[in-house]
Amino acid sequence: HVLGDIEADHRWVVDPIDGTVNFTYGIPHCCVSIALQTRNVERGTLNSKSKRQKRGEPHPDASYETVVGVVYDPFFDELWTAIRGHPAYLNGKVIRVSGCQRLNEAIISIGFAKSKRTLSQMIPVMNRLAHRVRKIRIMGAAALAMTYVASGRMDGYLETGIRLWDIAAGGLILECAGGDFWHEPVAGEHKYRIMANNGLLRRNLLTLVRSYQQYPARHSRA
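Residue numbers for the sequence shown follow our numbering, beginning at 4 and rising by one.
It cannot be assumed that every hint is accurate.
In silico SDA-like pairs for lysine to any residue, Cα to Cα no more than 25 Å straight-line [said to hold, decoys possible]:
{"id": "1", "residue 1": "Lys138", "residue 2": "Pro31"}
{"id": "2", "residue 1": "Lys96", "residue 2": "Ala11"}
{"id": "3", "residue 1": "Lys138", "residue 2": "Ile86"}
{"id": "4", "residue 1": "Lys194", "residue 2": "Cys103"}
{"id": "5", "residue 1": "Lys138", "residue 2": "Asp183"}
{"id": "6", "residue 1": "Lys96", "residue 2": "Leu203"}
{"id": "7", "residue 1": "Lys138", "residue 2": "Ile110"}
{"id": "8", "residue 1": "Lys194", "residue 2": "Arg105"}
{"id": "9", "residue 1": "Lys194", "residue 2": "Glu68"}
{"id": "10", "residue 1": "Lys194", "residue 2": "Leu39"}
{"id": "11", "residue 1": "Lys138", "residue 2": "Gly95"}
{"id": "12", "residue 1": "Lys194", "residue 2": "Asp80"}
{"id": "13", "residue 1": "Lys96", "residue 2": "Phe78"}
{"id": "14", "residue 1": "Lys194", "residue 2": "Ile113"}
Note that these hints are calculated values from the structure, not bench results.
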């Protein structure tokens, strides 16, 4: 993973293989994720409940926003691209999120970070969602999950304890495709809790999972 100088005005956020376990076991579902971020000192700090911000310290990622995002799936030769303020593209064609408005018609992806704490948080969420949505999918590559939501292939994606380099590019692509990318820092360096969705399911998803996850009360940019 590559994360540029936290003091620089511009930095690259790169995950050369998102979906490492899939790749290691020969499962053809992984990607390269590249994001360019710029410093914006006028931005407010992220709505964080981490120990760092409880002490009044600024979150190290708070002054940056993603301005360019690229995700490439080499197995299917699919390239997603986005520049902030412009449409998102898949292999040169404009993409948009789905129009799904009902949870019982939605396909939701869930990610599981490798820790007891995050598993204990996400398993109850999955159990609850499984009874309300059309299908649950566990794909194993966060950047691809978000580009799938951006492309209308899925309707939402949830995970906690995920790293910045897994979500920076995909989050921008999702936003540029008309979706919502909710995220806030959690304990651990460059770790986040996220809820990516098509923008129409935000309220229902928040209501459903709030008893297990304290998602942010406002939208924040990657």
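Outcome of the hint check:
1. Lys138 x Pro31: Holds - the C-alpha atoms of proline 31 and lysine 138 are around 21 Å apart, at most 25 Å.
2. Lys96 x Ala11: violated, 33 Å
3. Lys138 x Ile86: This hinted pair is violated, its Cα atoms lying about 31 Å apart.
4. Lys194 x Cys103: violated, 29 Å
5. Lys138 x Asp183: With a Cα-Cα distance of about 20 Å, the restraint between lysine 138 and aspartate 183 holds, given a limit of 25 Å.
6. Lys96 x Leu203: holds, 23 Å
7. Lys138 x Ile110: holds, 5 Å
8. Lys194 x Arg105: Between lysine 194 and arginine 105 the Cα gap is close to 30 Å, so the pair fails against 25 Å, i.e. violated.
9. Lys194 x Glu68: It holds: about 16 Å lies between the C-alpha atoms, which stays within 25 Å.
10. Lys194 x Leu39: holds, 18 Å
11. Lys138 x Gly95: Violated, at roughly 29 Å.
12. Lys194 x Asp80: violated, 29 Å
13. Lys96 x Phe78: holds, 19 Å
14. Lys194 x Ile113: Measuring from Cα to Cα gives roughly 16 Å; hence the hint holds.
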